[in-house]
Structures are given as C-alpha cells and as structure tokens.
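2 protein chains.
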Amino acid sequence: MTEQSPIPDDQTAEKSAEREEDEYLPRPELLQQIDAAIEAEDAAELNTLLEPMHAADIADVIENLDPAERRAFIGLYGGEIDGEILSEIDEAIRDQIIEMLPREVLADAVREMDSDDVVDLIEDMDEPEREEILSALDAGDRAAVQQSLAYPEYSAGRMMQSEVVTAPEHWTVGETLDFLRNEDWLPEQFYHVVLVDPRRHPIGYVTLGRLLAAKRSTPLKELEEDSFRTVSVYADEGDVAYIFNQYHLISAPVVDGDDRLVGVITIDDAMSVLDEEHEEDILRLAGVGEDSAITDTVMETLRQRIPWLAVNLVTAIVASLVIAVFENTIQQVVALAVLMPIVASMGGNAGTQTLTVAVRALATKSLTGSNVWRVVRREAVVGLLNGLAFAVVMGVVAWFWFDGVSLAAVIGIAMVVNLAIAALAGILIPLALEKAGADPALASGTFVTTVTDVVGFFAFLGLASAVLI
Amino acid sequence: MTEQSPIPDDQTAEKSAEREEDEYLPRPELLQQIDAAIEAEDAAELNTLLEPMHAADIADVIENLDPAERRAFIGLYGGEIDGEILSEIDEAIRDQIIEMLPREVLADAVREMDSDDVVDLIEDMDEPEREEILSALDAGDRAAVQQSLAYPEYSAGRMMQSEVVTAPEHWTVGETLDFLRNEDWLPEQFYHVVLVDPRRHPIGYVTLGRLLAAKRSTPLKELEEDSFRTVSVYADEGDVAYIFNQYHLISAPVVDGDDRLVGVITIDDAMSVLDEEHEEDILRLAGVGEDSAITDTVMETLRQRIPWLAVNLVTAIVASLVIAVFENTIQQVVALAVLMPIVASMGGNAGTQTLTVAVRALATKSLTGSNVWRVVRREAVVGLLNGLAFAVVMGVVAWFWFDGVSLAAVIGIAMVVNLAIAALAGILIPLALEKAGADPALASGTFVTTVTDVVGFFAFLGLASAVLI
Numbered sequence: 001m002t003e004q005s006p007i008p009d010d011q012t013a014e015k016s017a018e019r020e021e022d023e024y025l026p027r028p029e030l031l032q033q034i035d036a037a038i039e040a041e042d043a044a045e046l047n048t049l050l051e052p053m054h055a056a057d058i059a060d061v062i063e064n065l066d067p068a069e070r071r072a073f074i075g076l077y078g079g080e081i082d083g084e085i086l087s088e089i090d091e092a093i094r095d096q097i098i099e100m101l102p103r104e105v106l107a108d109a110v111r112e113m114d115s116d117d118v119v120d121l122i123e124d125m126d127e128p129e130r131e132e133i134l135s136a137l138d139a140g141d142r143a144a145v146q147q148s149l150a151y152p153e154y155s156a157g158r159m160m161q162s163e164v165v166t167a168p169e170h171w172t173v174g175e176t177l178d179f180l181r182n183e184d185w186l187p188e189q190f191y192h193v194v195l196v197d198p199r200r201h202p203i204g205y206v207t208l209g210r211l212l213a214a215k216r217s218t219p220l221k222e223l224e225e226d227s228f229r230t231v232s233v234y235a236d237e238g239d240v241a242y243i244f245n246q247y248h249l250i251s252a253p254v255v256d257g258d259d260r261l262v263g264v265i266t267i268d269d270a271m272s273v274l275d276e277e278h279e280e281d282i283l284r285l286a287g288v289g290e291d292s293a294i295t296d297t298v299m300e301t302l303r304q305r306i307p308w309l310a311v312n313l314v315t316a317i318v319a320s321l322v323i324a325v326f327e328n329t330i331q332q333v334v335a336l337a338v339l340m341p342i343v344a345s346m347g348g349n350a351g352t353q354t355l356t357v358a359v360r361a362l363a364t365k366s367l368t369g370s371n372v373w374r375v376v377r378r379e380a381v382v383g384l385l386n387g388l389a390f391a392v393v394m395g396v397v398a399w400f401w402f403d404g405v406s407l408a409a410v411i412g413i414a415m416v417v418n419l420a421i422a423a424l425a426g427i428l429i430p431l432a433l434e435k436a437g438a439d440p441a442l443a444s445g446t447f448v449t450t451v452t453d454v455v456g457f458f459a460f461l462g463l464a465s466a467v468l469i
Numbered sequence: 001m002t003e004q005s006p007i008p009d010d011q012t013a014e015k016s017a018e019r020e021e022d023e024y025l026p027r028p029e030l031l032q033q034i035d036a037a038i039e040a041e042d043a044a045e046l047n048t049l050l051e052p053m054h055a056a057d058i059a060d061v062i063e064n065l066d067p068a069e070r071r072a073f074i075g076l077y078g079g080e081i082d083g084e085i086l087s088e089i090d091e092a093i094r095d096q097i098i099e100m101l102p103r104e105v106l107a108d109a110v111r112e113m114d115s116d117d118v119v120d121l122i123e124d125m126d127e128p129e130r131e132e133i134l135s136a137l138d139a140g141d142r143a144a145v146q147q148s149l150a151y152p153e154y155s156a157g158r159m160m161q162s163e164v165v166t167a168p169e170h171w172t173v174g175e176t177l178d179f180l181r182n183e184d185w186l187p188e189q190f191y192h193v194v195l196v197d198p199r200r201h202p203i204g205y206v207t208l209g210r211l212l213a214a215k216r217s218t219p220l221k222e223l224e225e226d227s228f229r230t231v232s233v234y235a236d237e238g239d240v241a242y243i244f245n246q247y248h249l250i251s252a253p254v255v256d257g258d259d260r261l262v263g264v265i266t267i268d269d270a271m272s273v274l275d276e277e278h279e280e281d282i283l284r285l286a287g288v289g290e291d292s293a294i295t296d297t298v299m300e301t302l303r304q305r306i307p308w309l310a311v312n313l314v315t316a317i318v319a320s321l322v323i324a325v326f327e328n329t330i331q332q333v334v335a336l337a338v339l340m341p342i343v344a345s346m347g348g349n350a351g352t353q354t355l356t357v358a359v360r361a362l363a364t365k366s367l368t369g370s371n372v373w374r375v376v377r378r379e380a381v382v383g384l385l386n387g388l389a390f391a392v393v394m395g396v397v398a399w400f401w402f403d404g405v406s407l408a409a410v411i412g413i414a415m416v417v418n419l420a421i422a423a424l425a426g427i428l429i430p431l432a433l434e435k436a437g438a439d440p441a442l443a444s445g446t447f448v449t450t451v452t453d454v455v456g457f458f459a460f461l462g463l464a465s466a467v468l469i
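Protein sequences appear in the order of chains W and Z. Quick note on full-length UniProt numbering: the first sequence kicks off at 1 and runs consecutively. Quick note on full-length UniProt numbering: the second sequence kicks off at 1 and runs consecutively.
Only chain W is shown next, with the shape it has when bound in the complex (with noise of 0.2 Å):
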C-alpha cells in the first residue's frame, strides 16, 4: 500500500481503517470490542459500535458469534435489525435470528425491504410464519410477493423484482424525464428504463445514461440497446446467471408465458446467483452438503459430511473386495501390497483432473453436444500418455526398489490401464449423470475414484497373480 495524504473529511477513520493489511475486513479490534460489548451487556457501546458499520458487516459478525452470544446480541440490539441486515444474513442463521425477534422489530424490517429480498426470507418459512410476514406488507407487495411465491424455486420468478421502470415505445425523452420526476415509487437502483407495447410486452431498452445524455425531443426507439433480451420467469437461476455473465447484462426485463413484462432481475442477483452455484459446485465435488458455512454448530457439520463418508466407506469396502480376491498372491509378492495403493491413487487423481474439468466445463454450458466427442477423445489420449509416461517412471521405481523386471512391467501396464480408464470414467461419468438430469458434481467424484480403485487394483493384481505366481 502507498502512503495516503490526509483526508479532509469525516470518514477518515472508516477510511484509514479500509487501507490496512487487511483493508476489506472490519478491524479485529473492532470485533473484539464488539464482544467485550456483548458480554459486558452494554447496549448503548454495542450501538455505537455497529453504527457506522454496513449491514452485511453487520450480518458478518452476527454469524460469526456462538449461539449464546448471539441470543445475547439480539437482546440487545435486537431493535435496531433492520430489512437490510436481515436479508444479508445467511439462511440458517436468519433463521433462528426471525424466532428471536420482536415481532413488530420484524415487521418493520420486512416493509422495508424489496420484494425479491421478502421472497428469499420467506420462501422457505412454513405457512403460519410465511402469512405473519405477509401480513406486515401492504397490500401490494403482499400481492407481489405472493405471485413470485407462485413461480418455482430457483426460477427466475422468484429472482426478479416486480418494480420495473416501464415507458411506452412511442415516448420521447422528454416525455420520459417528465415521468420520472413525478413518480415517486421508483425502485432503490435501476438501469434501464423498458420500452413496451400497449399490451405491456417489452420491446425493448434504453440505458439511463443514454437518456441522461440525449436531447428532449429524441425519440426513445433511437436509444434502444442492441444487448436487450428478456428472460422468462421460468428460466432457471443458475440459466440467468450464465446469460448475465456471457452477454454482459446490468439488468434483464422478465416475462411471463403471453411474453408480458412482469419483473426484472438486476445484475447483483445474478451475481449472488453465480456465487452461489459456484459454491455448491465446490462443496459437492468434494462430498460436503452444499449448505455448509464455516458458522455451522458441530451437528451441523456432521450431518452436511457424514452421508458422503458413508458412501465412501462402502465404496472403499469394494475396492477392498477386489484386493481380498487375490490375498494369495499378495502373501506371496508382499511388494504387491506396498505397491498397489500407488496405481490406485494416480487413477484418483487423475480421474478427478478430468472429472473437475468435465463438471465445470458443463456447468460454463461450454461442453456441448458439438464438441463432446472431441473432448471425449482428447481426454482418451491425455489419459493413454499420462499413463505412458507414469508407467515408464513407476516401472524403472518399482524395478530398482524391488529388482524385479516383471513386478515393472506389472505395475507399468496396471499404470497405463488405469490411467486410461480414470481419463473415460472422468469425461463419461458427468455427461452421463447431466445426460440423466443430474448434477454432475454432486456424485460424479465417488464412483471416479470408485472406478479407478477397483481398476486399478484388479488390473494390477489380477496381472501380477497371472505374471508373477
């Protein structure tokens, strides 16, 4: 970091504080005083603490307390939660975070929030909560919220905000500028103001900065943007997310089956959106539950991990199997025994390379159907060369470790098949669970790894009791 001149103004402290070693974090010093608060039971420090701090900072230390002290900073600062804070918190905190509250604190909170943040908080609520909630919302935003409830999970529905800046196609500019200045209903943030048709269907959009830089008399149609494209309330999330990635999208009208505009979904969801699906893909590939926080409770975390192991467990119990087929000969060759995990954990590895590749490749929709057997057969040859090469290497070991020349060809050989098996079983497996409809990375990396011990120690056992014995 450079050195910084002095800043003429009040925000020198949050400033300076932004520009230290770890200059996106709140100070540790300032988390510490917020639990010495806590305990201290110190209401009035615990707001002047958390005052000048932005909600999702906020939400940020509510997550990292302990249950205890989190019930103990609802108590005190419980009223001052607020719409924003809430809708930052993470799912099974916010929660308990709800049962704790007031319920006018709560009420307060949610008529301050935007529809789309009402409908995450609610959505997973049971009927009793859910109408508590709805009841605080006026009129329409309760209708609002309701009919984004009526679309499915994860659909673009239940993404999009109802609030759409709208003109008609034939408006000028001016006619436009006018308009906004007498509404007084506009949402927090938009971007674009959409162009519709008499019958509300969207034709099109024109940047707000475009309008801001064009004269009175210019018609809208002028301005329109080549980007535009709608997106149904249908769509899935994750399918939002992809086309506000790949076309650079700041904001999308959404519509429903008679093609008429019914929301928008801004590029902040997307993002969150694209975040998430991201995290999910990486807890899966690694055989977590895709809900795991780093602020689960010990129970949490063993019921988020605990089915994979027991999946693993069995599947270890298998490739076990294949090893107890040929305990003669290992009683033998007892360098079979040294040896084997070797060949069994190269075609883990590189199994799991390929899978990784494969998985996101289809998840970044950039694995398709035109190029699928090309990739197949690179994988196929990578795999083949890998397995040359490591055999080679793995041959001339196992020759000067154990000084036998069939004990290095055995493993070479098992190495090359195994290899070879591990690159197909990484490439065929995902395609074929997201051929099924599955999510490749959700069980693709237990039967790789299960293929290739089973591979692996067949092969190389199986060779040496025919080689060896």
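Think of the hints as simulated: they come from the structure by calculation, not from any bench. Among the clues, some could well be false.
A few chain Z residues facing chain W, derived, Cβ under 8 Å [unchecked claim]:
| # | residue |
| --- | --- |
| 1 | L134 |
| 2 | L137 |
| 3 | L208 |
Once the Cα atoms are required to be at most 35 Å apart in a straight line, the calculated DSBU-like pairs of lysine-lysine come out as [as the list claims (entries may be wrong)]:
| # | chain 1 | residue 1 | chain 2 | residue 2 |
| --- | --- | --- | --- | --- |
| 4 | W | K221 | W | K365 |
| 5 | Z | K365 | W | K221 |
| 6 | Z | K221 | Z | K435 |
| 7 | W | K365 | Z | K365 |
| 8 | Z | K365 | Z | K435 |
| 9 | W | K215 | Z | K365 |
| 10 | Z | K215 | W | K215 |
Covered by chain W, according to a simulated footprint, are these stretches of chain Z (three or more residues, beta-carbon under 8 Å) [to be verified]:
| # | region |
| --- | --- |
| 11 | 56-68 |
| 12 | 147-154 |
Only a predicted model underlies this, so the values are computations on that prediction, with no experimental measurement involved. Virtual Cβ for every residue (Gly too), placed ideally from N, Cα, C.
For this one, chain W is given, so just place chain Z on it according to the hints.
Here is chain Z on its own, set in the frame of chain W:
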C-alpha cells in the same frame, strides 16, 4: 416451458431458439451449418449465419473449432472480427487469432475497445507486438492504456476504465444534465456521476436513477448514495470482486496513492473476476493448472496436468514406504493389505471435506482471526466424532469379515486417529499456506492426502504389528 404467443417482430427466430430445450445456447443445427460453411469455404454463408449472433457466442464458436478449422475460419471471416469478439475469446486462443489477423483488421478492432479491454488484450504480449497494437490507438487512449499497464498485474489499476463521469460537488442536477447533454465522449455504460472536489478527490456519487428523478434545482450533494466507497488502484482484483459482492456495489471509483480519482470499476468486470477466481479455486483444488480450458489441445492438457500427477506420484511413493516398513506384518496377516486402503481412503475424504470448506471460507474472508480457533476446535471435534462413528461401523465389518476381534479393534482405533488427524490437517494446512502468502487452494489437497495416507497406513499397520503379531 410454457406456450409462447406469436411474437410480432423480427426477433422471432432468435427468441424461439431461446425458448427451446437448452434455451440459452445457439442451436446445434446452427453450429452444424457453421461447420459446413467453413468446410465449403463459403464466406457469404458464414457471414449470413454469424451476422445475428452476439459477439460472445461468436467467440464461443471460434473457441470450439479445432486449430485447422480455426485457421480456415479466420481466412473466411477474419475481416469481420471486431473488438467485441476479440475481448470475448479465451486468452490462449485469442493469441493465435491475433497472429492470424491482418494488421489493419486488428488495428480497427483495438480502436473500438474500451481501455480496460485493450489492457486485458495486450498485458501478456511481448514488447514488439504490444507496441504495434498501442500504435494503432489515438494518443489519449494510448496514454490511458499505458497508465493502466504501469499498475501491478491483477490490481484494480488493470481492471478499471479511465473514462469516468464526474461533476464538481457543488453542482445541481440541472447543471449536471446540461453538461452530460453536451459531452460526446461518454462511456458506453455508466451508472453513477462521481462528485469530486477541486483537487479531484472523489467524495461521493449519485446514481443516474436519482439524477433522472430529481428536480433541476436539487444540489447533487442531496442525492448522494450511502453505498459510496473508493477502491485503491493497487488493490488486488480478488479483493475488489469481494467488496462488490459484499456491499452490492454497481460501480466504484478508483483512487491513486494521493486519493485522486483515476478511473472506475463496474460490476460486470467484478463479476468476471469473481467467476475467474472461483474457476481457479476449483481447478487448483483438483490439481489442474488454472489455465485449463475445455478447448485445450492434448499437449496443453498434458502440460496442465502432469506436474500435479508427478507430485502425487512422489507422495504416493512416500505412503508406500510406510507400508514397506510393515512388510513382514502384512505377510503374516494378509487381511491388513485388504483393509488398509479403507483407513487411508476415509482419511483422505474427510480431510478433503474439511479442506474445501476451509479454502472457501478463506476465499470469502469468512475465516478470520476472530473465529479461527472456534473453527479449528469444531473441526477437531467433528473429526473425532466422525472417527468414532466409522470406527464402530468398520470394526463390526472387520470383525464379521475376518472373524478377529483384535483386528476389529485395530482398524477402529486407526480410523479414529486418522479421521481426527485428517480434520486437523484439513484446517491447519490451508491456514498455514495462507499465512505464508501461498494460495491455500493450490497445494493443500496434496499435503492433506499425503498426511492422511501416511498417518492412516502408519496407525493401522503399526498398531497391527504391536497387537496382532
């Protein structure tokens, strides 16, 4: 998908394609037609097919061609490649395309690009090629690009565009609107007017929406947004993406060491960086080079993957050395060879689970000094409980399978030891790497599985030779 009503405009074809099965991808038939046109060397047909497509989709088409087809494609369509298409193509392939393009086409393409895209294009080029492209720019753009290149790679300075819309802090809405109408250099997309003091320090910003909705006489000062925060030109691009995501920013002014405004970063760039960083994390966790792409050739793929397979071979051999120590024991109790991979595999999986959660928490800055010991403690407890649970299951399995209660006890104890160590390794290794300034995603996996293999084999075989022999 629901039924669509007829769409009465010229976008019918594109829209109906969008609503088909995989509605956000170009239709497979179209891709086949493009392939056919390339093969027939039919430039006119190729032009007709590509004309309605978005630059990002044309870039995808180019990426998915094999090298020979790509050369043919450039021969037919090279003259149409513009700045937008170039910015969308993957870096490795873009470099090939640039070499094939006629110099004047390249110069035209570069002149159309925003300064941040030009920087992205040329930052990895050698000096002579870089000079050639710079010389195609007009003096102002060239200066902006050179200024940006003077900042470190992966810094905010490289991400930002230098075109910023500013207004003196004392202006009214009316003055600002008149100013904007008289400027013809405005950026393609902008979302805020940045308020600056006479020394060009940014002191706030106003969204275009508020500007449009306000009366002409309103001072800009009254419309300032709370969300305002600046980014240092030296900030790491990953940190920039983090603050956009954390604070829901749409654009952020970039300041130099003297806090003077030098550019602006917009959310679409932050979204790209977030996407790339995730991709990098996933690939690194799988031991694949972070530049891997589905379009790589066999040689490129081998180059990305062999290094980590080689590292894995070394660690697998280390684990085998542990087994070799106990060769005599295995010869006497072959069941050990059958069961030992299960202990190692369970440890590897449990360690990878913990590791992945830790790496993600570090990347999202949710694992910090204030909660690190709580998390380490939780992981240790989870590891112990997982170990106990699977010790019981595996003990029972071993007992029935090999009819030996001592063997069951040995595998049970080894399981507890290995899963507890796996959990500690899974959290402590990424923390140590982060502390040492390395990317925890990069090497953690190998370290963790080495630990779990070595500990697994040692605990199981060591105990067995003490108890069973």
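Now the hints, each set against the structure:
Annotation: L134/Z was flagged as interfacial toward chain W, and the flag is violated, the nearest CB pair being 25 Å apart, outside 8 Å. Given hint, L137/Z at the interface with chain W, is violated; its Cβ is 22 Å from that chain's nearest Cβ, farther than 8 Å. Interface restraint check for L208/Z: the shortest CB-CB distance to chain W comes to about 4 Å, inside 8 Å, so the restraint holds. For the suggested pair K221/W and K365/W, the alpha carbons sit about 34 Å apart, so the restraint of at most 35 Å is met.
Between K365/Z and K221/W the CA atoms are separated by roughly 45 Å; this puts the pair beyond 35 Å, and the hint is violated. Pair hint K221/Z plus K435/Z does not hold up; C-alpha atoms about 43 Å apart against a cutoff of 35 Å. Among the hinted pairs, K365/W with K365/Z is consistent with the structure: their alpha-carbon atoms are about 29 Å apart, no more than 35 Å. For the given pair, K365/Z sits about 13 Å from K435/Z by alpha-carbon distance, which is consistent with the 35 Å threshold.
Taken as a hint, the K215/W and K365/Z pair is broken in the structure, with Cα atoms around 46 Å apart against an allowance of 35 Å. Between K215/Z and K215/W the CA atoms are separated by roughly 17 Å; this keeps the pair inside 35 Å, and the hint holds. For the region 56-68 of chain Z, the proposed coverage by chain W is satisfied: 6 residues have a C-beta within less than 8 Å of a C-beta in that chain, meeting the threshold of three. With a cut-off of 8 Å between beta carbons, the region 147-154 of chain Z has 0 residues touching chain W; three or more are needed, and the interface restraint is violated.
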